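Engineer: If you want the building blocks of each chain, they are given just below.
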Amino acid sequence: MYKYTEFDKAFLLQRNSQFRAQVQRRINGQLTEEEFKPLRLMNGLYLQLHAYMLRVAIPYGTLNSAQMRQLAYIAQTWDKGYGHFTTRQNIQYNWPKLSDVPDILDTLAEVNLHAIQTSGNTIRNVTADHFAGAAADEICDPRPYAELIRQWSTDHPEFQFLGRKFKIAINGAIQDRAVIRAHDIGLQIIQKEHKLGFKVIVGGGLGRTPMIGKTIRKFLPESDLLPYIEAILSVFNQSGRRDNKYKARIKITVHEKGIEDIRTLVEDRFHRIRPTYKGLDQNILESIKMQFPPPQFVKADSTHFEQTYETDPIFRSWVDINTSEHKADNYVIVSISLKGHGQTPGDATTKQMQVMAQVAEDYGHNELRISHEQNVILPHVHKSNLPQIYKALRNHGLATANIGLISDIIACPGMDYCALATARSIPIAQDIAGRFKALKIEHEIGPLKLKISGCINACGHHHVGHIGILGLERAGKEYYQITIGGDATSTAAIGERVGPGFSAEEIVDAVERLIYAYLDMRKEPEETFLRTYQRVGLAPFKTALYPKTALAA
Amino acid sequence: MPVIVTDSGFQSDDWVGDYCKPCDPGSNPQALDLSSDIDPDTVLLHSNLQMIRVNIHNFADGRGFTIARQLRLRGFKGRLRARGNLISDQYTMARRSGFDEIEITDELAKRQTESEWLFRSKWKENDYQSLLRG
Ligand code: HEM
Ligand code: SF4
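So the sequence lines, in the order shown, correspond to chains A and B. Following the numbering used here, the numbering of the first sequence begins with 43 at its first residue and continues without gaps. Following the numbering used here, the numbering of the second sequence begins with 777 at its first residue and continues without gaps.
A couple of the hints might just be wrong.
Straight-line distance between alpha carbons at most 16 Å, and here's what the computed EDC-like set of lysine to aspartate or glutamate pairs gives [to be verified]:
1. Lys79/A / Asp837/B
2. Lys900/B / Asp50/A
3. Lys287/A / Asp837/B
The hints are simulated quantities; they were obtained by calculation from the structure and are not laboratory data. Here the structure is a predicted model, which is why all the values come from computation and not from measurement.
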């Protein structure tokens, strides 16, 4: 894992002392709220429904046990004993006091963590595949590049006052687990004639106008990474719209000007910027790469694991559903579900964070990851340790076997916390998870991505859910629109709206009708919901959702 | 009287010449006054040019930083000034992007005092960009 250099440490200390002074100036009235706002946002501090909200970055989703323990400590000391893991590999604290925030930031700095550029119109926390460094289908670990981009984007003088936020994601495996096509810039590591480089995708995004990103460069050599993305940002900063908040993202610039024009502008800038990079960035990249070695894999006897697997069906089901293929022999990747039925998706208590830290330390080479699906990952686990891990997790409500299933729901905070929400999303997620648990058909349904947002901003990724639910409001009443057929992977697609919305009372029944329609229509159990939709189209699902209308028509 | 902020604090304006705005394409002015929506690639860098001033009406409009960077990359070596309601926290960014100085109003200088600007004047310290670029 990346270790902070003296430079990184000095930078962070200075940054935190600057923010402490900014808070003081705001309190003294030297800064107006309008002036303070972008400063607090670029340090991760939002003003929400009930209180301030602090969003802490977990760069490219990677944490060690000490860092996880510190997150737990903060939740306990300055918040209400829990934190919320988000779809952008951040953790949010919902209840800090403004005057405590400088101390919280100093506490984070002790373990090389920060909240820099997790909000505001800046380049946000760079996200990456949460299986990076472990996945069997990996071409190259994306994290060193993500770290390089983190350093480059941190306090970048040109890009602290962009027209709108800017999100970069990077994926280094065959399967896209970082949703790169729904980001302002998506980077896919590829190999061409034994040379590493990137396919660069630009202009993806969700929100009010969902768009799948377009390829701007088919192959960008590794060493051109920083000057090229700097060129994209330069073009965006100058020519992105600033007249309308909803049109200020680069997806709109790309849409309005066309990808060809943008490409020409970017290439021109790139040639001008390229000579300013004289190779130091590549030296730094090399030293970063050295800090992401594979763990010291162990060889161990896994008889006990095999016996337990044979004899304990509940354990077996957890292993089957919550582990994924690892690149090393006899290793697996464990996904810890933060989606216990009836819980708030993505929330973890202080105790749970401590338990996960301990398990990682005892059995997981000290490493943890946060996934954009709001779960926690133990990336390197020898099979022989699975029974002990399962036991430790189960004692703390962390052994729900539902990864990738219908109750592994992504949900944004919605009306429960968010000032922009038009509807609740957490209770809907809880009700849906509860319903399918009661019906006992979750496993039969198989892989299914259900995603819920509490307003058009789409923080819950509903557009790319196999089933997406969007909470809206009309005449003081919440209602929920359903989209189906969305896809967040390398075959990314925006879901199609099925029809009129449902009330909070009706939505769970509606989802159930949709699921039974799928179970009836699928050719075989292996045909997933998404593939069935792709084969049969929208119409049969529409009939299932609106039986009365279909009869009348 | 406007106040000019530099690395050594507040100064009075020592630029005595006029700014050419709007500028006749045939002329060869000493100083240009640009707005923040200008495309920096279209600015004619005349041989006489000594001063470019970029007007930033709203501190949240960050286009000026890219304009400065691009003008520098195009080879402009003269004096580059940002003018407007910037906040002291932006001083470092302005200097690192290529501006030499910031012109603020007297009124703003009273609320955001010299010491606040000086707090940000050591712009070469802790700079990831110089680390990565060399
Ligand atoms: C609670 C306070 C939050 C506020 C005020 C907020 C605000 C917003 C806004 C305004 C947008 C739309 C941006 C645009 O389209 O230009 C947005 C998008 C987004 N937010 Fe949030 N958000 C919040 C929480 C979250 C959480 C908890 C997550 C993760 C679970 C999240 C992840 C995202 C993502 C992934 C997008 C959409 C992707 C895109 O940028 O196009 N946000 N958010
Ligand atoms: S989707 Fe809307 S309601 Fe949900 S967190 Fe984002 S802004 Fe808030």
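Engineer: Against this structure, judge whether each hint is valid.
Structural biologist: Verification of the hints:
For the hint pairing lysine 79/A with aspartate 837/B, the CA-to-CA distance comes to about 14 Å; that is within 16 Å, so the pair holds. A C-alpha spacing of about 15 Å is found between lysine 900/B and aspartate 50/A, which places the hinted pair at or below 16 Å, so the restraint holds. As the CA atoms of lysine 287/A and aspartate 837/B are separated by approximately 13 Å, the hinted pair is consistent with the 16 Å bound.
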